[in-house]
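Fit chain to chain and form the complex, with the hints in mind.
Protein chains in written order, with the working numbering: chain A, 1 to 115; chain B, 1 to 116.
No lab work stands behind these hints, which were simulated from the structure alone. Bear in mind the structure is a predicted one, so any value in this text is a computation, not a measurement. Among these hints, one or two may not hold up.
Claimed, not checked - Straight-line alpha carbon distances no greater than 30 Å define the calculated DSS-like cross-link-like pairs of lysine-lysine that follow:
| hint | chain 1 | residue 1 | chain 2 | residue 2 |
| --- | --- | --- | --- | --- |
| 1 | A | K70 | B | K42 |
| 2 | A | K57 | B | K22 |
| 3 | A | K57 | B | K68 |
| 4 | A | K3 | B | K68 |
| 5 | A | K18 | B | K42 |
| 6 | B | K58 | A | K57 |
Here is what each chain is made of, one letter per residue.
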Amino acid sequence: DVKVTQSSRYLVKRTGEKVFLECVQDMDHENMFWYRQDPGLGLRLIYFSYDVKMKEKGDIPEGYSVSREKKERFSLILESASTNQTSMYLCASSSQIGSGTYEQYFGPGTRLTVT
Amino acid sequence: GENVEQHPSTLSVQEGDSAVIKCTYSDSASNYFPWYKQELGKRPQLIIDIRSNVGEKKDQRIAVTLNKTAKHFSLHITETQPEDSAVYFCAARTYAGGTSYGKLTFGQGTILTVHP
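Bound-form chain B, shown alone (with noise of 0.2 Å):
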């Protein structure tokens, strides 16, 4: 099945800094790469999301990339405010073996802290 790494765990930048999590992915096949934010006591939300055809795709201050040759994608967050701060979760979006269901193989996060 689908294996999704995701680097770092944890990452402190200083406020205006940038930020960048990777993740990497094994099933070719995946075709969709979600990022969901999850702040402190709350439930996970998607915050930007690239298909299989696009190689970056961006929203004011964040973008993601995608290089499907390598299999890896990442988040890139540009002007990092404290509100930034959560744990960021990459996924993978893959078929279920023998169904034409798509299900998601998520990373194991990354808390991002941004100091004021």
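Here chain A stands alone, though its shape is the one from the complex (with noise of 0.2 Å):
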């Protein structure tokens, strides 16, 4: 059973602070995301990862950068948190081309609230 975990669930931070949400996933797949949800909005990707080192901007990446050293944990960090950053954080892997699922496993999701 695919299992993919995000770090916190619930999350409060101060506007400028530095924040780190990580993702891990437990089935050895090459792609992971980031997406945000807001309502009316659905999901908008930010960064995605097909391989360990290796990332592409997404729809919204602007404010945000990602780091994935290793295969199973990508991390998404606000540089410097701004209030328009309130929302959800959704993260997701799924396997690479050619396997013949296209199939995207989400995280539980972390409620990041910037005051």
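Put into structure tokens, the structure is as follows:
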């Protein structure tokens, strides 16, 4: 059974703080993704990674960076948190193309509040 | 880039009725269209998907149809039950610009409420 975990369910940070959100998957998946979920906007892709140390910008990368030093772990970094980054953050992972499935498995989410 | 529009944003039905959610996409290169269900307080989970070489796919009470020419696809739920109440997201898979790696673009979501 695929398991994707995120370091925190709830997080409260102050404006200007550096914030780290961590995601770990245990299925040896090559691809990992970070989304933010806001009501009425669906899930929007921030960054994704298809291999260790590789990253690609998603649709809303501004204000975020990522790190993937190990295959199972993908970190989202808010260099200087702002109130407009208050949101639900979801991590996901999937197998590489050619494996027969494109299904993304999601983590439980981190509700981040920036005050 | 890809743009996915989903309608309606909310849908309320009586138990036993059918529910239909529609999505349109903009990138003709999109080749995979999944639907995710997110129950309150839980993570999104894949419920059904369809590839671009198929027009329709069924799995018990749910079905998805795809019209590539019109660039739209729909989720159909028959004999709805209260446990079908959730937020449903459609998505389209395209290739990230300049790479051969696929990414999903999601619709805005539909809140489905099934009344007993």
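Hint check:
1. K70(A) to K42(B): Holds, at roughly 27 Å.
2. K57(A) to K22(B): Holds, at about 28 Å.
3. K57(A) to K68(B): holds (27 Å)
4. K3(A) to K68(B): Answer violated: K3(A) to K68(B) is near 34 Å, above 30 Å.
5. K18(A) to K42(B): Holds: K18(A) and K42(B) sit about 27 Å apart, inside 30 Å.
6. K58(B) to K57(A): violated (34 Å)
Violated hints for the displayed structure, listed by number in ascending order: 4 and 6.
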